[in-house]
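Once you've looked at the hints, dock chain B against the given chain A.
Protein chains in written order, with my numbering: chain A, 1 to 125; chain B, 1 to 565.
Rather than coming from a laboratory, the hints here were simulated on the basis of the structure.
Computed Cβ-Cβ distance ranges for the label pairs, DEER-style:
id: 1; chain 1: B; residue 1: Gly346; chain 2: A; residue 2: Cys36; range: 32 to 42 Å
id: 2; chain 1: B; residue 1: Gly408; chain 2: A; residue 2: Leu92; range: 39 to 49 Å
id: 3; chain 1: A; residue 1: Ala25; chain 2: B; residue 2: Ala355; range: 15 to 25 Å
id: 4; chain 1: A; residue 1: Ser28; chain 2: B; residue 2: Glu386; range: 46 to 56 Å
id: 5; chain 1: B; residue 1: Glu345; chain 2: A; residue 2: Ser28; range: 14 to 24 Å
id: 6; chain 1: A; residue 1: Cys36; chain 2: B; residue 2: Gly408; range: 49 to 59 Å
id: 7; chain 1: B; residue 1: Gln352; chain 2: A; residue 2: Ser28; range: 22 to 32 Å
Keep in mind that this is a model prediction, so the values were computed, not measured. Here a beta-carbon is modelled for each residue, glycine too, at the ideal position from N, C-alpha and C.
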Amino acid sequence: MAKRNVLLLEDEPSVRRVFGRLLAARPSIRLETASCLREAREKLEAERFDLLISDIRLPDGSGWNAVRQFRDQNPYGPVIVITGSPQEEDDLRAQVEDVQFIPKPFDVKQILKAIDDALRPGPAA
Amino acid sequence: MERTTRILVVDDEQGIRDLLDYELSGKGYAVKTAKNGKEALDILASVKVDLVISDIRMPKMDGMEMLDAIKRIDPEIEVILSTGYGTVETAVAAMKKGAYDFVQKPFQFEEILALIEKALEKSELKALLGVYKASRAMFKSIKLDSLLPVIVGIAKNILNADDVSIMLLKGNSLEVAASCGLDLDRRARTELALGERVAGKVAQFKDSVIITGPLEEDERFKEIPSLRSIKSSIVCPLIIEQETLGVLNANRVESDVPFSAADKRNLMIFASQVAQAVFNAKTYRQLEDKVAELRKAYRSLEDTQAQLIHSDKLAAVGRLAAGVAHELNNPLTSVLAFSQILLEEGRLSAEQKEALECINEQGQRCRRIVLDLLQFSRKNEPNKEEVTVSSILEATLKFARYDLVAAGTEFVQECPDPSPTVLADGFQIQQVFLNLITNAVHAMKSAPTKRLLIRVERSRRQNLGGGTYSGDASVAGDDKFVRIQFQDTGSGIAQVDLGNIFEPFFTTKSPGAGTGLGLSICHGIITAHGGRIEAASRQGKGTTFTINLPEGSHNGQTQRAITRG
Numbered sequence: 001m002a003k004r005n006v007l008l009l010e011d012e013p014s015v016r017r018v019f020g021r022l023l024a025a026r027p028s029i030r031l032e033t034a035s036c037l038r039e040a041r042e043k044l045e046a047e048r049f050d051l052l053i054s055d056i057r058l059p060d061g062s063g064w065n066a067v068r069q070f071r072d073q074n075p076y077g078p079v080i081v082i083t084g085s086p087q088e089e090d091d092l093r094a095q096v097e098d099v100q101f102i103p104k105p106f107d108v109k110q111i112l113k114a115i116d117d118a119l120r121p122g123p124a125a
Numbered sequence: 001m002e003r004t005t006r007i008l009v010v011d012d013e014q015g016i017r018d019l020l021d022y023e024l025s026g027k028g029y030a031v032k033t034a035k036n037g038k039e040a041l042d043i044l045a046s047v048k049v050d051l052v053i054s055d056i057r058m059p060k061m062d063g064m065e066m067l068d069a070i071k072r073i074d075p076e077i078e079v080i081l082s083t084g085y086g087t088v089e090t091a092v093a094a095m096k097k098g099a100y101d102f103v104q105k106p107f108q109f110e111e112i113l114a115l116i117e118k119a120l121e122k123s124e125l126k127a128l129l130g131v132y133k134a135s136r137a138m139f140k141s142i143k144l145d146s147l148l149p150v151i152v153g154i155a156k157n158i159l160n161a162d163d164v165s166i167m168l169l170k171g172n173s174l175e176v177a178a179s180c181g182l183d184l185d186r187r188a189r190t191e192l193a194l195g196e197r198v199a200g201k202v203a204q205f206k207d208s209v210i211i212t213g214p215l216e217e218d219e220r221f222k223e224i225p226s227l228r229s230i231k232s233s234i235v236c237p238l239i240i241e242q243e244t245l246g247v248l249n250a251n252r253v254e255s256d257v258p259f260s261a262a263d264k265r266n267l268m269i270f271a272s273q274v275a276q277a278v279f280n281a282k283t284y285r286q287l288e289d290k291v292a293e294l295r296k297a298y299r300s301l302e303d304t305q306a307q308l309i310h311s312d313k314l315a316a317v318g319r320l321a322a323g324v325a326h327e328l329n330n331p332l333t334s335v336l337a338f339s340q341i342l343l344e345e346g347r348l349s350a351e352q353k354e355a356l357e358c359i360n361e362q363g364q365r366c367r368r369i370v371l372d373l374l375q376f377s378r379k380n381e382p383n384k385e386e387v388t389v390s391s392i393l394e395a396t397l398k399f400a401r402y403d404l405v406a407a408g409t410e411f412v413q414e415c416p417d418p419s420p421t422v423l424a425d426g427f428q429i430q431q432v433f434l435n436l437i438t439n440a441v442h443a444m445k446s447a448p449t450k451r452l453l454i455r456v457e458r459s460r461r462q463n464l465g466g467g468t469y470s471g472d473a474s475v476a477g478d479d480k481f482v483r484i485q486f487q488d489t490g491s492g493i494a495q496v497d498l499g500n501i502f503e504p505f506f507t508t509k510s511p512g513a514g515t516g517l518g519l520s521i522c523h524g525i526i527t528a529h530g531g532r533i534e535a536a537s538r539q540g541k542g543t544t545f546t547i548n549l550p551e552g553s554h555n556g557q558t559q560r561a562i563t564r565g
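Okay, chain B solo, but in the shape it has when bound:
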């Protein structure tokens, strides 16, 4: 298909036309001749010409006028003007209008030949320079989304095409990834199967194709119905390491001048660069995905590890606690029973009675500690059911209200009406709430303002603020949650302690005031519910405990309707 270089000779003198025709044909060029500018333009409209040698002074349309017209049709066509008069003014004007050079008549043939060769060389260099510049632009971006539109724009310019598109292979079909000058809605197909139409065939057979006329007139593709009035096309496969990534399509629709072999060669060079760029971008994206995947895996590994260490520690502590509790219960039984028997027999002096009461009270305290330990060690699977948060709070406050009032605490409750529901063991959650309220009352014992705010709200995403310690990070982030916050105005927790508060036996209370198991039990319960509990605190300002529990499937309204029904 390689086409010889075409030269159009325009001169009103028959002798010059014949001379140049004869000599240039002898040098292997394809030569056309025209008597004047008008005739030359007619030829240019139907034949792709690389170079024009023209007289300036001609009847009908002179060389200068014709130069304008040629440059409008195709600025890539080089024009060499000849003149018998050879005024400098004419020459300068011609060069300004885009002529390559001019020769003075009478000229030596060798002189013309040298000029022709230089001019042709220049036009090839220009195209290659375009390809080179485009490649450089391509490798600046690694993101396909921003890269492909740039590529098609450049290709359209280099080739003087009316539209250019890049189709990328996804599975077994080609999809338009970027286009320029193409009305995707109206004129072109955006998706093709492998082997379908010209682009599909190019992708399948991995061979560039140039079509210089209507599709139905081309032997190779005449069975493909023409979709639109494309006058000439080049389709290049994008191949890297024998793998087809897609195709690069360039079409001329408006321009009657068909693509040349040089155009095809340039587009092939360009396509190889595009393929490399697309490959790089794809590789980069795969790398990015891998990195993201790795990062995710690493995070989950860290979480799991932290959880394992935590649960391992808890299990060990649990076994110890259960053992201790068992051992303590028998001696406690007799301590409590005998002190009770003696007190009830009532044969004691006042001092004896006082001492015995102390023994009994302290024995009872030991019993409570043992109960705490046993509860902590026992992994009770929550008995989950759909329950409103407000009803759990209400039940909790039956126990807690007395303590709150006795401590002089202002108590504020914010809960949407109807209340959100959670899928939870109401008694276990009640225990958590009670624990948090008791802690809050204790923390506000000597605070100037005693105010406890309990806020209930729906939350879609888990909120992790600064200065927050989360007991557990392995909770799905997208599901719906109900957030319950306990915000007090108490003494607050020191930043160094904040990370330890959910650890068993950790307590900031004075010795004897607590076992340090309360928050650890809370954490265990909330985690078993698929939720999380976290604390944020500022010393002297107060502490906020935030619980996130998975929201129940019913909203409050439905739940009420069901309850009523």
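Just chain A, same shape as in the assembly:
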């Protein structure tokens, strides 16, 4: 089975390290990271991803831009949004864009389960 490509867009290095450590135990997952919108845009243009995990408040813009770009390529692609300061607008967008919303700080088991669920082949796939 081919490795699943996951893109993590997160500006906080310590949080990127958390994901690196968490997914080290998942040999079927290849984790690619981006620390800002620009970097994420480049990576999304370069290759196709199976899952996007994205922070919202980033130094060069809103993570929702990355979500939209990802969905342009992969209309039904799963998205997990993580943020430490959710705004009312984010709740609304999470519903509109149909993404899973997990506030920071999160429970390790909860985020792992969300990732596993997102990558499990669904009936439609």
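Same frame as chain A, now just chain B:
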């Protein structure tokens, strides 16, 4: 209309009658004559007379008997008696009965004339004195309600009127404001349009009117149908600075003696005083209203200012809190995640595990503080719906019951059945209740008696007792409220702290035990619901938090019926 002074000469001697008639007419008086007391009384019944000069000894009715009768008809009529015998006893008896003076026959005309002039002067002075006294009484009171009845009473006495009323102008109509001797139900109109009837015309044309006979016989008012058998009236406008305030009506109904020009003059003087008094009272009342208005405006300004300062402070604190929370969440994410990962990998020594567990627990505590801060900074508009207070309490107790039991707290709940409803966000109110219960349990930790009473009742007015601090004073007082009280037997709050408990970050708990945001959040929630929360406390006795929330439109019964349906 000014009438000359009328003198009635009563004497059985034709010569004396003719003499006095001739001489007094020559002096400008209107003179009537009568042969005896009986004839004199007949004249007095139809003509207003100012002075009577009478012999004492006359056939049919003598002078003394007639004096009695005259004083009964009109005590203001002055009587001078003359006698051919001139005994001192007769003179004293006559004076006692109210005669002005007496002369001995034969008299000099000049002697009589001097007496007449003195007597007339006295009667005028008496009337003016009445007016003067009345004015003094008037200016003692500034309240129209108590002043006007006094005025009409005095006017009735001064004028010997049967009824007197004051009508005040309200908009375009005159309304009776006070009356004396008037049967308002049966005989008189209590409201007149401007220009309607005599009073309405007087108010319109601002001119005093005297009517000395029946209304239909008066050229000026003959088109006005007579409502009752008034024999004579004076109506004076009450005018001040060209503004008509109303009219003063005086009527004679029983007495056949019509009002005189002097009466009219006196009433006009009186009316000017009344107008001044009414004006003063009105001005005073307007002033009072203004003062009350100002006081109200000032209060609301104070409230608004306090609120503004409070909300400004809250907003600043909120922005800071949100910023801090955002900054803390990222580092917390890795602290919590790594400690959790390491603990779950289970490759640690006992000491390492213990230390890591401590890191994780403290990290969790930070997370809760951050959540508090975020909630505090977020202005969540309550999602209001009609909900029973008992159901909110029930939901709260699901969470709180364990803590209450664990702390050994006796718990009493008083709530009317069916429970009152409030228009509220059930979850937000639940959060407030939970906060208050948690605080109460904490305050009773080392109290000898641990008892929490939650009392729910309907209240029409907001109750503000002594030693109370209210977080917000800008709540309407007349509406229906539901009052929910949380009364504990805990350590209480010091009076100096009571004013600060709803301030963010204010806490009396030991460092680390609380963020000091709980009550501030409660206050924010209750205020957003149009309610108020306040605390009363006695140190060592306990604290009572009182919440007033606007009552829902349905009562409990209707609500149940709806729920069932």
